[in-house]
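Student: Sequence:
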Amino acid sequence: MNKELRNIYLTHHHTYKLKENIRFELAYGNEKKYYSKIEKGKIRANILFEEVFKDSKIVQMIFIISQYSSKNKVDKFLYRNNFKVVDSFVTKSWDRYYDGETNILVIETEKSNLRVPKIIDGICYEDFYRNGKLRIKSPIIFYNKQDNLILNIYDDRGCDIWSDNLKRQKEIYNKYNSWILDYDREIITKFYESVI
1 MNKELRNIYL THHHTYKLKE NIRFELAYGN EKKYYSKIEK GKIRANILFE EVFKDSKIVQ
61 MIFIISQYSS KNKVDKFLYR NNFKVVDSFV TKSWDRYYDG ETNILVIETE KSNLRVPKII
121 DGICYEDFYR NGKLRIKSPI IFYNKQDNLI LNIYDDRGCD IWSDNLKRQK EIYNKYNSWI
181 LDYDREIITK FYESVI
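Going by UniProt numbering, the first residue of the sequence shown is number 1, and it counts up by one from there.
Hints may contain errors.
[Claimed, not checked] Straight line, CA to CA, 27 Å or less: simulated BS3-like cross-link-like pairs of lysine-lysine: (1) Lys175 with Lys40; (2) Lys33 with Lys118; (3) Lys17 with Lys42; (4) Lys170 with Lys40; (5) Lys84 with Lys57; (6) Lys32 with Lys118; (7) Lys76 with Lys40; (8) Lys137 with Lys76; (9) Lys145 with Lys170; (10) Lys3 with Lys167; (11) Lys175 with Lys111; (12) Lys54 with Lys84.
These aren't lab readings, by the way, just hints derived from the structure by calculation.
All chains should be built: construct the whole structure from the sequences, respecting the hints.
Tutor: Here's what the structure looks like:
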């Protein structure tokens with residue numbers, strides 16, 4: 001794991017407050033049937049994943065594991081048990097959310113080995129029980145080391161994309177501008193409109 005990324009997770013539990021962060025709305029609309037909103041959110045999440053990793057064959061996954069969470073079995077997210085551990089450390093940045101130590105585990109695998117739709121489905125259904133659906137309770141964050149991009153799909157409602165690679169971030173900002181969460185739009189626009 002590169003030093004800059006490690007420092008982010010040693011000092012922050014989230015990239016939300018970092019100035020380069022872009023927050024996107026996933027589940028949208030006013031349907032009374034919430035499951036249809038989740039399904040629309042999953043489509044956006046998959047599109048953003050493909051955008052972040054469009055030029056990369058390698059994906060790093062960052063697992064946030066509290067002492068009370070069930071430890072994620074990495075292989076259930078992969079087609080083949082073929083990955084390497086890149087980093088592992090303890091952080092206090094999640095103390096507000098978890099009692100005791102929080103462990104960060106970072107693995108690396110080929111993008112083609114990752115069960116992306118299954119993972120996104122599990123994250124988006126985190127708070128909703130539906131028969132036959134995986135529910136991923138502990139955060140899983142994706143990292144593109146080639147472009148220094150972090151993708152954090154935090155639940156069905158939204159996701160954050162962070163990078164100090166402002167050229168790539170500006171491309172994403174321009175391409176998916178209409179998906180930016182209205183609550184954060186003004187501050188995100190102010191920052192990215194100043195980026196050439």
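Student: Is it true that the CA of Lys76 sits at most 27 Å from the CA of Lys40?
Tutor: 24 Å, holds
Student: Between Lys145 and Lys170, is the straight-line Cα distance small enough, at 27 Å or below?
Tutor: 18 Å, holds
Student: Is the Cα-Cα distance between Lys175 and Lys111 27 Å or less?
Tutor: 22 Å, holds
Student: Holds or violated: Lys170 and Lys40, Cα atoms, limit 27 Å.
Tutor: 24 Å, holds
Student: Measure nothing beyond the straight line between the CA atoms of Lys137 and Lys76; if it is 27 Å or shorter, mark the hint as holding.
Tutor: Holds, at about 14 Å.
Student: If you draw a straight line from the CA of Lys33 to the CA of Lys118, is it 27 Å or shorter?
Tutor: Roughly 22 Å between the alpha carbons, so the hint for Lys33 and Lys118 holds.
Student: Within 27 Å, alpha carbon to alpha carbon, are Lys17 and Lys42?
Tutor: 24 Å, holds
Student: Are the Cα positions of Lys32 and Lys118 separated by 27 Å at most?
Tutor: 25 Å, holds
Student: Taking 27 Å as the top limit, are the C-alpha atoms of Lys175 and Lys40 close enough?
Tutor: At roughly 18 Å apart (the allowed maximum being 27 Å), Lys40 and Lys175 satisfy the hint.
Student: For the pair supplied as a hint, Lys84 and Lys57, confirm whether the alpha-carbon distance does not exceed 27 Å.
Tutor: 15 Å, holds
Student: Is it true that the CA of Lys3 sits at most 27 Å from the CA of Lys167?
Tutor: Roughly 21 Å separates the two Cα atoms, so the pair holds.
Student: Given the hint that Lys54 pairs with Lys84, does the C-alpha gap stay at or below 27 Å?
Tutor: Holds. Lys54 to Lys84 sits at ~21 Å (cutoff 27 Å).
Consistency with the previously given hints is maintained throughout, with no hint failing.
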